Every structure is written in structure tokens, then in C-alpha cells.
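**Q** Work out the full structure, taking the sequences as your base and the hints as a guide.
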Amino acid sequence: MIAGKSKSLNYLRVAAAWTAACVMFFPIFWMILTSFKTELQAISVPPLVVFEPTLENFTVVQERSDYMRYAINSIFTSFGGTLLAMIVAIPAAYAMAFFGGRFTKDILMWMLSTKMLPAVGVLMPIYLIAQKAGLLDTRTALVIIFAMINLPIIVWMLFSYFREIPTEILEASRIDGARLFHELRYIILPLTRGGIVSTALLSIVLCWNEAFWSINLTASDAGTLTALVASYSSPEGLFWAKLSAVSTLSCAPIVVFGWFCQKQLVQGLTFGAVK
Amino acid sequence: MNKNLVRLLQAPSVLMLLLWMLVPLSMTIYFSTTRYNLLYPERSGFVGFSNYEFFLTDPAFVPAVLNTLLLVGSILVITVSVGLILAVLVDHKFPGRGIVRVMLISPFFIMPTVNALLWKNMFMNPVYGLFAVVSGFLGLEPIDWLADFPMASIIVMISWQWIPFALLIFLTSLQSQDQEQLEAAELDGANALQRFFYLTLPHLSRSLAVVIMIQTIFHLSIFAEIFVTTGGGPGYDSTNLAFLIFSQALLQFDAGVASAGGVFAIILANIVALFLIRLIGKSLVI
Numbered sequence: 001m002i003a004g005k006s007k008s009l010n011y012l013r014v015a016a017a018w019t020a021a022c023v024m025f026f027p028i029f030w031m032i033l034t035s036f037k038t039e040l041q042a043i044s045v046p047p048l049v050v051f052e053p054t055l056e057n058f059t060v061v062q063e064r065s066d067y068m069r070y071a072i073n074s075i076f077t078s079f080g081g082t083l084l085a086m087i088v089a090i091p092a093a094y095a096m097a098f099f100g101g102r103f104t105k106d107i108l109m110w111m112l113s114t115k116m117l118p119a120v121g122v123l124m125p126i127y128l129i130a131q132k133a134g135l136l137d138t139r140t141a142l143v144i145i146f147a148m149i150n151l152p153i154i155v156w157m158l159f160s161y162f163r164e165i166p167t168e169i170l171e172a173s174r175i176d177g178a179r180l181f182h183e184l185r186y187i188i189l190p191l192t193r194g195g196i197v198s199t200a201l202l203s204i205v206l207c208w209n210e211a212f213w214s215i216n217l218t219a220s221d222a223g224t225l226t227a228l229v230a231s232y233s234s235p236e237g238l239f240w241a242k243l244s245a246v247s248t249l250s251c252a253p254i255v256v257f258g259w260f261c262q263k264q265l266v267q268g269l270t271f272g273a274v275k
Numbered sequence: 001m002n003k004n005l006v007r008l009l010q011a012p013s014v015l016m017l018l019l020w021m022l023v024p025l026s027m028t029i030y031f032s033t034t035r036y037n038l039l040y041p042e043r044s045g046f047v048g049f050s051n052y053e054f055f056l057t058d059p060a061f062v063p064a065v066l067n068t069l070l071l072v073g074s075i076l077v078i079t080v081s082v083g084l085i086l087a088v089l090v091d092h093k094f095p096g097r098g099i100v101r102v103m104l105i106s107p108f109f110i111m112p113t114v115n116a117l118l119w120k121n122m123f124m125n126p127v128y129g130l131f132a133v134v135s136g137f138l139g140l141e142p143i144d145w146l147a148d149f150p151m152a153s154i155i156v157m158i159s160w161q162w163i164p165f166a167l168l169i170f171l172t173s174l175q176s177q178d179q180e181q182l183e184a185a186e187l188d189g190a191n192a193l194q195r196f197f198y199l200t201l202p203h204l205s206r207s208l209a210v211v212i213m214i215q216t217i218f219h220l221s222i223f224a225e226i227f228v229t230t231g232g233g234p235g236y237d238s239t240n241l242a243f244l245i246f247s248q249a250l251l252q253f254d255a256g257v258a259s260a261g262g263v264f265a266i267i268l269a270n271i272v273a274l275f276l277i278r279l280i281g282k283s284l285v286i
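Residue numbers (my numbering), protein chains in the order written: chain A, 1 to 275; chain B, 1 to 286.
What the hints contain is simulated information worked out from the structure, not anything from laboratory work.
Bear in mind the structure is a predicted one, so any value in this text is a computation, not a measurement.
Heads up, a few of these hints could be off.
Said to hold, decoys possible - Just so you have them, the derived chain A footprint on chain B, three or more residues with Cβ under 8 Å:
no. : segment
1   : 69-79
2   : 229-239
3   : 256-268
To be verified - Simulated pairs of lysine to aspartate or glutamate, DMTMM-like, Cα-Cα distance not exceeding 25 Å:
no. : chain 1 : residue 1 : chain 2 : residue 2
4   : B       : K3        : A       : E164
5   : A       : K7        : B       : D188
6   : B       : K93       : B       : D237
7   : B       : K3        : A       : E56
8   : A       : K263      : B       : E180
9   : B       : K3        : A       : D106
10  : A       : K105      : A       : E52
Glycine is no exception: its CB is placed at the ideal position from the N, C-alpha and C atoms.
**A** Set out below in C-alpha cells:
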């Protein structure tokens, strides 16, 4: 009796999960579907689900704007920004986690609070500085900015992972005479590989989707895919099929990347919650 | 380890962030006390607090502050509750679990601009949008979502994107829960609800703090979604602080007033940050 009840409850749970998944995914499915329609089919009422797919939108997008250049800029800036931030964050998080002082907590919280400053508040100064330094519309500027805006979260996440390492292991290795570099290289990094990877993954996703700075500081040379989508939004807003095509093209790399890394993400985003 | 070495390891991060914060901040404060309109560069000079006065008495100011807080609060409530339910739903083995998980977390990877345009055009458009089509099919009057319920529409869009984030964090945390403890509680006669409220929820408290912290950080300065959908309208109905500053700076070319707004937004952000850290900071840095 009880077994039967819990079994049907279980079916309900699975059905609910599948329904939720379909609802959440539907907008993306619809966007992809629309990108294969003609403009007329895209706005037909009732909406078409079965139609003859066309690749016309993708060709038009490719002819009008060089997709590959934007994609390469996006890849370069997301990976570059993440790499730069990781390089400065790992030593900092290491020092904070294992040799924290009285102010470690405050430093961490201060770092996080810098993330709360609205970017618009400092758009003018950053724009002027970039202009003076000749960095407007360069990938260098974006790499630096992406590293800065993600640094607080990266330091914080790494700090949480490092804190999970039992200090006994470190003490033992120090007695064995391991130097700082060796300790990082052979003990800390292998033990926290999962955490480091998922931190980097999250940072890459955030950089890829960053819109404010890429739209305001880049033009044709360093424009990323978010800037490309934005350039299709206003005048072409009425051409849904082309907009869908350019959106699908811009999101596909990171969504597929996310799919491949989802196991890593699910296991990694603990923020030190595993004790 | 040597104290200086410890400082040296932290120095690059701290110094870079300090530079990134202090230099633009001091420039913003400086601009905020000068007459600085991009259209009239010849008019300049110190004006004291008049930019602040202008910004704070702007009819859009009060709605903008309220909208900012409303956005953060309601998105948090929706994403946390839905994210938690979904996490519980998929936290067991069942056929197609991998696919379900992939479908559920996909919205998190979509660009904010794409997200906004997608909802604006294909769902909320009053003539061709799917919502209008469905309500027409049901014999109801189609609703112009972005004109009639601009805030609700924006909340829906952003929640759709961030539910997966809450889900990911909660799911990670659920998977680290002690299964033996749960089974022991079950043997002792605790029902599913009791197990959830007395064991699972306390276990999730830290991830809850994480979700609240990170989402507040991101939602205090929501911009792209408003920029491509409502443009802050109708009237000031969907203008938040970030968008108000943007419109002062880049639509009215008044860098002085925009900077004053920037300073104000920074102060508000710090108040919220202080409040948050008081509230949940402890569980974040243990």
C-alpha cells in the first residue's frame, strides 16, 4: 500500500520534472525554430510548428556581418579575462584561506561589495581612461575589464574551495619540506581541481554574456557577440527570423559549452557548502 | 609562513581592485560637482551640490529607487522558491535525468540581450507574440505585456534566466547532503515534509546565502534587459537606478548629473551590501 503510494508519487515527481524542463527550455526551442523560418512564417498567426526550414537567415546574417570575427573576439575576451583573473586570484585566495589574518573577512566582503557598484556609475571615467590609453575598441580593454568585474567572485569561490582542504595535509607536506610553489602545484591545485574548473567555467559564462561594457566600449574591431546581437536589436527588431538566427548563432557556443560542462558545474558550485 | 609573503600574494588582487574602484570613483565624484554637459563642453566649472539636487529632485528618482529594490526583491523570491522546488524534483535518479537537467539549466547560458529580445518579440508582442496568440485562442483580450505590466514582464524575463542558477547551487548542495541521516530520520518516522524542513532546509542555508548574495549583486544594476525592451517606460514605470543614470548620461548628455546619480547608486549599493553582509555575511565566510 505504502509502496504503491510512493511509487505513484515518484511518477508524479518525474512528470513534474519533465514538464518544468520543457517549460524552461521552450523559449530557446522556439528561438531556434524561428531562426529556420522565413520572416513571414515567423509572424504567422497561428504560429507554425511544421514548415519547410530555410537557411536563408543564417546566410543573410553572415553576409551582413562577419560572424566569425565577433565569435573570435568573444572567445578571446572570455578566456583571456578569466585567465587573467585566475592568475591573480589563486595566490590571493590561497593566502586568505591558509594564512588569513584579522582582516581577511573584511577584505573578502569589500571585494564582493565592489561588485555591487553599478557599471553605469563609472562608465564615463572608464571610457575616458580607455580613450586616453588608446584602448577603446580593443580586446585588451575588455580582457582587463572582464578580469576586474569577475575577480571578486572568483577570489571568493576559490577561497571557499581552499578552505575545504584539511589543514593536516598541508602541515604534513610542510614538515616534509614542501616549498610554497610545490605546495600550490602538487597539493592544493590537484585537490581543488574541480572547484577551480567550475570557477573558471562560471567566469567564462559570465564574460561571454557580459553586455554593458562590450556594447559601450567596442565598435567594429573588438565587438563581441553581445555587441553583434545588440546591433541587430533596434533597426532589425521587426525581423524576427534574422534576429533569431543571429541570437542562435551567438548563444550556441556557450550553451553547448555549458551542456558539456554541466556535470562539472553541478559538482563544483558548492561555495564551500560541503563540510 | 612569512607575513610579507602572505601580503605579497594578496597584493595583485587587492591593488587591481582598488585601482579599478578608486580611480573611476574619484573621477565620478569630481564630475558630479562640476557642470559637465557633453553637448556644451565650453560650460564648465564647480557647481557644488546642484547636480545632486537636480538628480534627487528628478521626478524619476523615487520610482527608480523603488523599482530597483522591487526588481531585486521579487526576482530573489521567485528564483529561490522555483529553483528550490526544481532542485528537489531532479535530485534523484530517473529516466532522462541528464536531459532534464540540461534543459533546466540552459537559460542561464543565454545572453541577457537575447533573453530580453526573445521574450519581447516572440512571447510578449501584443499581436504576433505567443501569449497574445494563446489568449486569442482562449477568447481573451490580448495583453500588451511590456506596456501594461512592464515591471512584471522584466521580472519574468530575468527570473527565467536566474532560476537555473539557484537550481544549480541548490542541487549541488542537495547532493552533498548526508543520505544516512535522512534514512535514519525516515526510520524514526519522520515524513517527507518533516525531513525537508528539519534536515534539508538547514543544510541548504549556506547555499541560500550564496544565491541571495550573488543574485543581489547582479540584479542591483540590471540594465540590458530594460534597455532593449521598455527603455524604462512607459513613463518611469520600469526605470531603475542604473537605467536612470544611463539616460541622464547618454540620452541627455549630462555627465555631471549622471555622475551625481552614479555616486548615489554607489551609496545605495553600499547600504544594501552592508545590510546583506550583516544578514548573511557570517555564513558566507566560515
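**Q** A separate judgement is required for each hint: does it hold in the structure or not?
**A** Quick rundown of the hints versus the structure:
1. Figure legend: the segment 69-79 of chain B, annotated as covered by chain A; annotation inconsistent (0 residues with Cβ-Cβ distances under 8 Å, at least 3 required).
2. Counting residues of the segment 229-239 of chain B whose CB lies closer than 8 Å to any CB of chain A gives 0, so the stated coverage by that chain is violated, three being the minimum.
3. Proximity of the segment 256-268 of chain B to chain A, defined as three or more residues with a beta carbon under 8 Å from a beta carbon of that chain, is established by the 7 residues found.
4. Restraint check for K3/B and E164/A: the C-alpha separation of about 22 Å stays at or below 25 Å, so the hint holds.
5. With a CA separation close to 21 Å, the supplied pair K7/A and D188/B stays within the 25 Å bound.
6. For the hint pairing K93/B with D237/B, the CA-to-CA distance comes to about 45 Å; that exceeds 25 Å, so the pair is violated.
7. At roughly 64 Å between alpha-carbon atoms, K3/B and E56/A are farther apart than 25 Å, so this suggested pair is violated.
8. Between the alpha carbons of K263/A and E180/B the distance comes to roughly 24 Å, so the proposed pair stays at or under 25 Å and holds.
9. The suggested pairing of K3/B with D106/A holds, with an alpha-carbon distance near 18 Å, which does not exceed 25 Å.
10. Our distance criterion of 25 Å between C-alpha atoms is broken by K105/A and E52/A, whose separation comes to about 59 Å.
Hint violations for this structure: numbers 1, 2, 6, 7, 10, all remaining hints satisfied.
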